[in-house]
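Please build the complex by placing chain B on the supplied structure of chain A, with the hints as guidance.
Residues per chain are reported as follows:
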Amino acid sequence: MTQSNRLNQGGRIDRSRRLSFTFNGQQYTGFAGDTLASALLANGVDIVNRSFKYSRPRGITAAGPEEPNAIVQLGATEAAQVPNVRATQQALYDGLVARGTNGWPNVQRDVMSWVGKLGGSFMPPGFYYKTFMAPASMWMTYEKFIRKGAGLGRAPTEADPDIYDHFNQHCDVLVIGAGPAGLAAALSAARAGARVILCDEQEEMGGSLLDSRESIDGEPASAWAEQAVAELGGLANVTLLPRTTANGYHDHNFVTLHERRTEHLADTAAGAGREGEVRARLHRVRAGRVVLASGSHERPLVYANNDVPGNLVAGAVSVYIRRYGVVPGQRLVLSTNNDHAYRAALDWQEAGREVVAVVDSRAKPDGDLVKQARDAGIRVITGSAVMEATGSQRVSGAKVVAIDTERFVVTGKVETLECDTIASSGGYSPVVHLASHTGKRPQWRDDLLGFVPGEVKGMHFAGGVHGVYALGETLTDGADVGAEAARAAGFEEAAAIAVPEVAVRQESPTSALYQIPHEKPPLRAPKQFVDLQNDVTAAAVELATREGFESIEHVKRYTALGFGTDQGKLGNINGMAIAARCLNRSIPEVGTTVFRPNYTPVSFGAIVGRHCRDLFDPERYTALHQWHVENGAEFEDVGQWKRPWYFPRRVNGKLETMHEAVARECLAVRRGVGILDASTLGKIDIQGPDAREFLGRVYTNKWAKLAPGRVRYGLMCKDDGMLMDDGTTSCLAENHFLMTTTTGGAAGVLEWLELWHQTEWPELQVYFNSVTDHWATMTVTGPDARKLMSEVTDIDLDREQFKFMDWKEGKVAGVPARVFRISFTGELAFEINVQANYAMHVWKALFAHGEKYDLTPYGTETMHVLRAEKGLIIAGQDTDGSVTPEDLGMHWAVGYDKPFSWIGQRALTRPDTAREDRKQLVGLKPKDPKVVLEEGAQIVLDPEQKIPMTMMGHVTSSYYSPVLESGFALAVLKGGRNRMGETVYLPMSDGSVHQAEVVSTVFIDPKGERQNV
Amino acid sequence: MFHIFCPYCQEYREEEEFHPSGQAHLVRPADPASVSDEEWGDYLFFRDNPRGIHHEMWVHRLGCRKFFNITRDTATYEILETYRMGEQPSITAANAEVRREQGVQTADGGWQTVGAQPENSRLNEETPS
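Quick mapping for you: the protein sequence lines, in order, are chains A and B. For the first sequence, the positions run 1 to 1013 when my numbering is used. For the second sequence, the positions run 1 to 129 when my numbering is used.
What the simulated footprint calls covered on chain A by chain B, stretch by stretch (three residues with Cβ under 8 Å from a Cβ of chain B suffice, anywhere in the stretch; the number is not a length): (1) 249-260; (2) 748-759; (3) 901-908.
What the hints contain is simulated information worked out from the structure, not anything from laboratory work. Idealized CB from N, CA, C, for every residue including glycine.
The shape of chain A in the complex, shown without the other chains (with noise of 0.2 Å):
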């Protein structure tokens, strides 16, 4: 196919380059410097798309963001998918390949045109609420179907190739909009020396200056903005961002900027010949002052049939003609209520194309461009209006008709005007999107007729986004108020530039024109389009009021005016004008919805950014993580740490499972001697005068008499007398300490401590630092682990010297060292502590020693068994923010009679907390021994009572113990200490029931003999 609507000449085209595409399997050529819709529209390409809900034939309407229609899937590849781009927005690459996100099997003959066809009767607003509710059952089922037939983009199925990645940034002013207003608000801003970004979405900034008729200092408008943008790009104290869209606004002017760096070259970096650079990026700016210089949309007026392919807004007419030099048809009508939207039609006839007629809805337009077109020698008919467009597949005519906008009804004859485009103007919305992300809400302006921003501290509006129109006026204003923000973040000298010379066009006032009358009652005439995206009507806003939708919030949830992608750009203050004719009320009145983040759509990938994969959540790694992956370690996530969970051994060429490691470590540890990499453990480095007293303030037990030398076991509570978490704290000096906590805990606790410490008692002279990552720790534990640790230590390892409980200072394998004796094994156990740098030398030397003993290593899941073995808790698995001490059987550990209130003492003298049914830690014996219980398998007493059954507690910890040849398991169960020996019963979800039996928690050695040989 040939260009058949390209002009010979114009445009910011490059004729010299040419570029070939695919859309919905056509091959087409364009220019570079085209967008993809104006590529399609120089070839004639008059469908795009099916329409959302109606399935209607939809050609392009605008030219910019605000574009309806021309939303595609686009990409060459799988991988490649992008889902909802918009035409207007997509330049033109070599190689493109899209198609119309709706229709299938093509948008010329779709398949559910049918439901479209009979549509008018059948699916009014609301239709999915009232078809498709009952029964509740279905909707799954009905969703499936709408949405297939909807056709919504869809998301790619391979992973994407590319990488995306966040800038945060910081700034004096930031520019959103690169039009006038907002070129010479930069332009103040920078050379008063404030840091800028200026940033744009389109390809080329400009804005409205590069398809403007009018000239700037005798210039063509564009080469002013040329001029600018190059001043801008000398600066050193200014960044250009083009392809970017500012796309929220967050409190604080914290702006969100999304950056297209590569789509406009190639569907991937690569294939752009940019292999690993970023596709993407999204800058997070914290700026002093922000300018809005979003300028405005311009409306397209409701008429019958508006939708057909072939109705354009008269702006975009402009743009396609002086931007691309595309013409989009033959013979134009432009319908319009202003005087702006006369120069379509004298872009028109310039182009050497014949303009039918141009309808104005005024009696007595006088404007300049009014007498240019006059003069021109085109038809102008006034006090009139485009009634409907005809025409199926593309409009072949427009049917004019004298209209009293006052009483909402045609007065005349109707002419029928052959043609097949219909360009339509019913005034300017300005784009108060980012202005309304933090809840304002937009002020209707009568003089205007349009919404302005609300005030937003921070922001400053420039130019058409708080309705200052005319070129001249609207670079002045920009100047004005970029150096009006430059002063306000903090350069007092910031003055406006000299604005150059812009020669004032006289226009006559618009007329306030939303929604043509038809001859026929609205419900009656043909389909009349306010939100061409979503398809909603003038008659379903109509039909909503009418059924008692008054609050403008819920005509547009009842309608779905304003919806999705589109977020009202071009059919909101329609819609808004409708609902305000049919409630007899002001727009102002009726009130305006807010918008919300994202102004157009954002990838995925940017919002990413680089944190996906290993790259989603930081990793932690002990010192001896390099050894662990050597001995093939399986690992486990724990917080953010990457622990070994066990470690398999290929047995007779074949790699162990996790049961068989497990049983095999855990009877090292039993028999022999074992070693657990404990690091991730928390530490917490305690120190000054009243430390003591403060352990005694946090910990629900004694602490007053803890020698230097000496260990001791504690709880923490919150205040309301819960466990929080519990760990070792040992007495390094008089006024110095080392607690643990556990590893997931060792933030929160360290928060804790300073919370307490800072809030309720800053007089106690205390200080906490985190020493987490400064020691690694090895657990050495086994009846073999004096014998092993004999070879490596200096230390007197006599187990009348060395306690339990005891910690000494010494060397092991000739580094400096803490050796703690406490036990989470129950056997005889040594925790070695030394720089973490010496870490990995010291766990070498104890397994060359070791070998001869068989020296184990073992991961989290032996830990587990081993200390559930022994009920030993675990906080935050056995316990879970509803558990005492008492509850835990842990009365020993609980100091009622210290004389400071310790966190939690108040709440454990409730008579809630001394009830004996509450729900106590017990273990459970499973009847069947080969039964692992479920972890959070639910306890009753009576298998046989109809659900719902009364639940009396819950499995907390269950494991396989290879040494009791049996499943055990640790459970919280209502009254569970005065039930030893009794049968419960723990139904499952495959309708199976288990038994088991209340018994100890301590499973093995229950005197504790073995963690004092």
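Just chain B now, with coordinates in the frame of chain A:
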């Protein structure tokens, strides 16, 4: 995403470095044994939830690790002042209007005053009782 002035670091920092820690100015009963279960429950669990001016405790978790207070408007998300532990707010629900007229906010062109710092002591004296 708040921009918060840490009254200890004396700098604006990003919200990601901070962490909210609930209502400010809660006082733990000096002698817990002497209060009723109900009073203890109120201390533990009951919190204000105003629409408008609220005093909150935050911690500069990934910074100086200090707890401090923020006076914040829960409707507009505006931070009116930040002040150190042990200090009292200069802006409260009772005097917020007067404060706005005095122009306490945006003294430095930013989003908040520094709070009960020495340079603001004059403002504290003017606070209507």
